[in-house]
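Whole structure, please, built from the sequences with the hints as guidance.
Those protein sequence lines, which keep their order, are chains A and B. Its first residue numbered 1, the first sequence is counted upward by one per residue in this note's numbering. Its first residue numbered 1, the second sequence is counted upward by one per residue in this note's numbering.
It is worth saying that the hints were derived from the structure and are not from the lab. Just so you know, even glycine gets a beta-carbon here, dropped at the ideal spot from N, CA and C. The reader is advised that the hints may include incorrect statements.
Derived contacts from chain B toward chain A, CB cut-off under 10 Å, selection only [unchecked claim]: (1) Glu14; (2) Ala24; (3) Ala53; (4) Asp69; (5) Lys160; (6) Leu166; (7) His174; (8) Arg274; (9) Thr276; (10) Arg278.
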Amino acid sequence: MELLRFATAGSVDDGKSTLIGRLLYDSKGIFEDQLESIERTSRDRGDEYTNLALLTDGLRAEREQGITIDVAYRYFATPKRKFIIADTPGHIQYTRNMVTGCSTADLALVLVDARNGIVEQSRRHAFIASLLRVPHLVVCVNKMDLVDWDQATFEAIKEEFRGWATKLDITDLTFIPISALQGDNVVHRSANMGWYEGPPLLHHLEEVFIASDRNLIDARFPVQYVIRPMSGDHHDYRGYAGTMAGGVLKPGDEVVVLPSGFSSTIEAIDTADGPVDEAFAPMAVTVRLADEIDISRGDMISRPHNRPQSGQDIEAMVCWMSEQTQLTPRAKYTIKHTTRSARAMVQGMHYRLDVNTLHRDHDVPALGLNEIGRVTLRTTAPLFFDDYRRNRDTGSFILIDETTNTTVAAGMILGASQ
Amino acid sequence: MDYELSHLKMLEAEAIHIIREVAAEFERPCLLFSGGKDSCVMLHVAMKAFWPAKPPFPIMHVDTGHNFDEVIAFRDQTVDRLGVRLIVASVQESIDAGRVVEETGPRASRNRLQTVTLLDAIEEHGFDAVFGGARRDEEKARAKERVYSFRDEFGQWDPKNQRPELWSLYNGRHRKGEHIRVFPLSNWTELDIWQYIETEQVLLPHIYYAHEREVFRRDGMLLALTPFIELLDDEELFTTTVRFRTIGDATCTGAVESSASTIEQVIAETAATRITERGATRADDRISEAGMEDRKREGYF
Ligand SMILES: Nc1nc2c(ncn2[C@@H]2O[C@H](COP(=O)(O)OP(=O)(O)OP(=O)(O)O)[C@@H](O)[C@H]2O)c(=O)[nH]1
Ligand SMILES: [Mg+2]
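Here is the structure:
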């Protein structure tokens with residue numbers, strides 16, 4: 001069965017958690033004891049109706065404040081697909097948790113409150129989803145019950161969003177009018193909005209075409225771990241374990257190993273279930289080569305005529321995630337990219353993006369919490385990368401603060417710096 | 001060739017990636033193994049991750065002393081069969097050493113005491129990464145936890161201050177005395193676990209399949225008669241056909257009435273069930289609405 005990962009996005013209280021609760025409830029994706037538990041909690045709090053957002057807002061602090069603080073992961077399946085949902089927070093303070101939820105998503109649901117229309121946070125989230133190259137975006141215009149199911153309201157929001165989204169890089173954009181609270185157009189078609197001709201949300205999630213989202217062209221195999229059994233039966237075994245990060249590799253393929261530049265041929269691709277004829281992303285395999293060459297974690301195996309870029313100077317968009325510190329020129333961090341780690345210094349800060357207008361602010365000294373900007377990084381060792389647009393696995397990195405050990409930035413590579 | 005992976009293969013690949021990442025980046029990992037189905041699947045995946053070599057870390061059982069005999073026998077057979085190294089951290093020893101005080105009364109359980117034993121063992125052995133088989137679909141606090149879950153020097157989880165976790169880039173950096181709990185099966189559901197057990201023929205303790213057992217009813221659950229539990233006045237023993245959906249401390253893990261004696265039958269039952277495994281079988285989760293979150297903050301699994 002096919003797996004679809006999707007994330008919610010949008011401003012505080014636009015109804016993301018309620019929508020997920022509704023989706024799970026109406027598709028019978030929740031269990032009786034879970035339902036009883038949130039019914040009890042809703043009753044104890046004196047809510048007029050069962051608050052379906054409690055299905056994902058599971059932390060004490062979230063329930064007290066009635067907001068989502070961190071991503072909740074939920075799972076459900078229909079006969080057509082399996083779904084992994086990341087319900088993310090709308091509050092600006094927790095944007096980094098929204099980025100966490102979207103980084104692995106195939107699709108993002110951006111919620112907009114029909115009464116308020118598009119607000120700054122809807123733009124910020126839609127922009128982040130496009131920056132993270134979530135391939136499919138669905139704008140759910142929610143709380144249609146509060147605007148009398150009015151078609152004109154829906155169309156106006158749709159037009160405004162479309163107009164603004166032309167500035168973004170979004171390949172697949174869909175709009176659905178819903179009421180998460182009452183269930184209209186979530187799992188079942190709404191009886192209140194006869195004017196809407198598209199499918200309800202679940203139908204769209206089941207049908208959206210995701211198979212072509214993967215990169216099957218550029219073979220990339222970051223070496224993760226060297227397997228040397230040190231036992232009698234497999235005394236001479238030496239395999240390079242890792243997860244395919246793009247393209248296809250087959251036994252017999254000529255390959256080149258970076259950074260050494262040595263070439264060899266794939267002798268076999270092993271798994272514990274036996275050798276395989278082909279490996280593609282995201283398979284976890286062990287590659288054996290015909291020649292004994294020195295290879296270790298952090299090396300990259302690719303094809304000789306289709307190599308990743310390599311270098312120590314990279315251009316990237318970064319999303320800053322630290323409350324305590326700011327990203328400033330000349331600051332140093334640990335960078336993690338594929339299976340490689342190095343140190344990185346901020347060589348240059350080019351601009352900060354205004355997420356509302358997408359205007360580039362060139363005169364900024366630093367990036368603060370939840371700000372997005374373009375930087376040049378210099379690393380202590382070469383990285384083997386692709387543009388993030390081409391490959392999410394080999395185009396992404398994180399920066400880690402070396403004193404606090406926390407993850408302070410998410411980075412998307414634009415290319416080598418000239 | 002359509003270059004598609006089944007969802008089970010995708011989940012397995014993700015788990016293998018995580019396990020290899022830990023082996024490559026940490027000095028002293030260990031894998032928690034209780035003999036329960038999730039830890040059996042996790043160990044199975046770990047064996048596959050390093051094949052033909054063995055996993056480069058030991059496994060650890062936090063032994064409450066309140067066990068089902070079948071599970072301990074199964075644990076020891078598994079260790080022999082796979083040739084892995086077992087460490088046992090004993091709650092009884094923590095009690096004897098005065099580190100924890102045994103609860104008393106008919107509802108006494110050692111479930112909460114395990115946390116101290118676990119944290120002491122992590123410190124004693126200097127483990128810097130500890131694999132757990134917890135899944136996000138189990139419980140609402142777990143649904144919020146990262147794959148790499150940072151624990152401070154007291155073993156505490158701070159749910160309001162988790163590190164961002166992006167793509168498949170995991171940040172395992174920590175200072176001495178701190179550690180990371182790692183959950184390779186985060187994205188698996190109970191049904192995925194059973195389907196995987198079927199396709200991979202993963203061995204489990206027999207008590208996961210229907211068998212006759214002497215049980216009694218308490219708090220809406222069926223508890224097994226064991227030497228560690230006292231019956232209350234109005235509780236009556238009876239024999240019926242049951243199986244376990246989870247295996248924890250024998251005093252607070254309930255059985256479910258079931259005639260599912262094969263993997264196929266268990267899968268059919270799991271696909272049709274309307275109650276979560278913890279709701280059906282775990283007294284420990286019924287303490288309060290935030291029972292799991294509170295225990296996790298203290299350093300629980
Ligand atoms: N009338 C109406 N109310 C709704 C609808 N959807 C959500 N709400 C209400 O809006 C409020 C906020 O809903 P949540 O689901 O918690 O919002 P959220 O987007 O998850 O909020 P954060 O996660 O904190 O950003 C709750 O009181 C919901 O009951 C809807 O379709 N109609
Ligand atoms: Mg929410």
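(request) Identify whether the interface hint at Arg278 (chain B) stands, where standing means a beta carbon of chain A within less than 10 Å of its own. (result) Hint holds; Arg278 (chain B) Cβ to chain A Cβ min 8 Å, cut 10 Å.
(message) Does Arg274 (chain B) hold up as a contact with chain A if the rule is Cβ-Cβ below 10 Å?
(response) 5 Å, holds
(message) Can you verify the interface hint for Asp69 (chain B): is its Cβ closer than 10 Å to any Cβ in chain A?
(response) 30 Å, violated
(request) Using 10 Å as the Cβ threshold, decide whether Leu166 (chain B) counts as touching chain A. (result) Hint on Leu166 (chain B): holds, closest Cβ of chain A at ~4 Å, below 10 Å.
(message) Does the closest beta carbon of chain A sit nearer than 10 Å to the beta carbon of Ala53 (chain B)?
(response) 4 Å, holds
(request) Let me know if the C-beta of Ala24 (chain B) comes in closer than 10 Å to any C-beta of chain A, holds or violated. (result) Ala24 (chain B) check passes; min Cβ-Cβ to chain A is 5 Å, inside 10 Å.
(request) May I ask you to test the interface hint for Thr276 (chain B) with respect to chain A, counting a Cβ-Cβ separation under 10 Å as satisfied? (result) Holds. Min distance 5 Å.
(request) Against chain A, run the beta carbon of His174 (chain B) and see if the smallest gap drops under 10 Å. (result) Since chain A brings a Cβ to about 6 Å from His174 (chain B), closer than 10 Å, the hint holds.
(request) Go through the hint on Glu14 (chain B) and say holds or violated, using the shortest Cβ distance to chain A against 10 Å. (result) 7 Å, holds
(request) Against chain A, run the beta carbon of Lys160 (chain B) and see if the smallest gap drops under 10 Å. (result) Holds - the Cβ of Lys160 (chain B) comes within 10 Å of chain A, reaching about 6 Å at its closest.
The structure fails to meet hint 4 from the earlier list, while all remaining hints are met.
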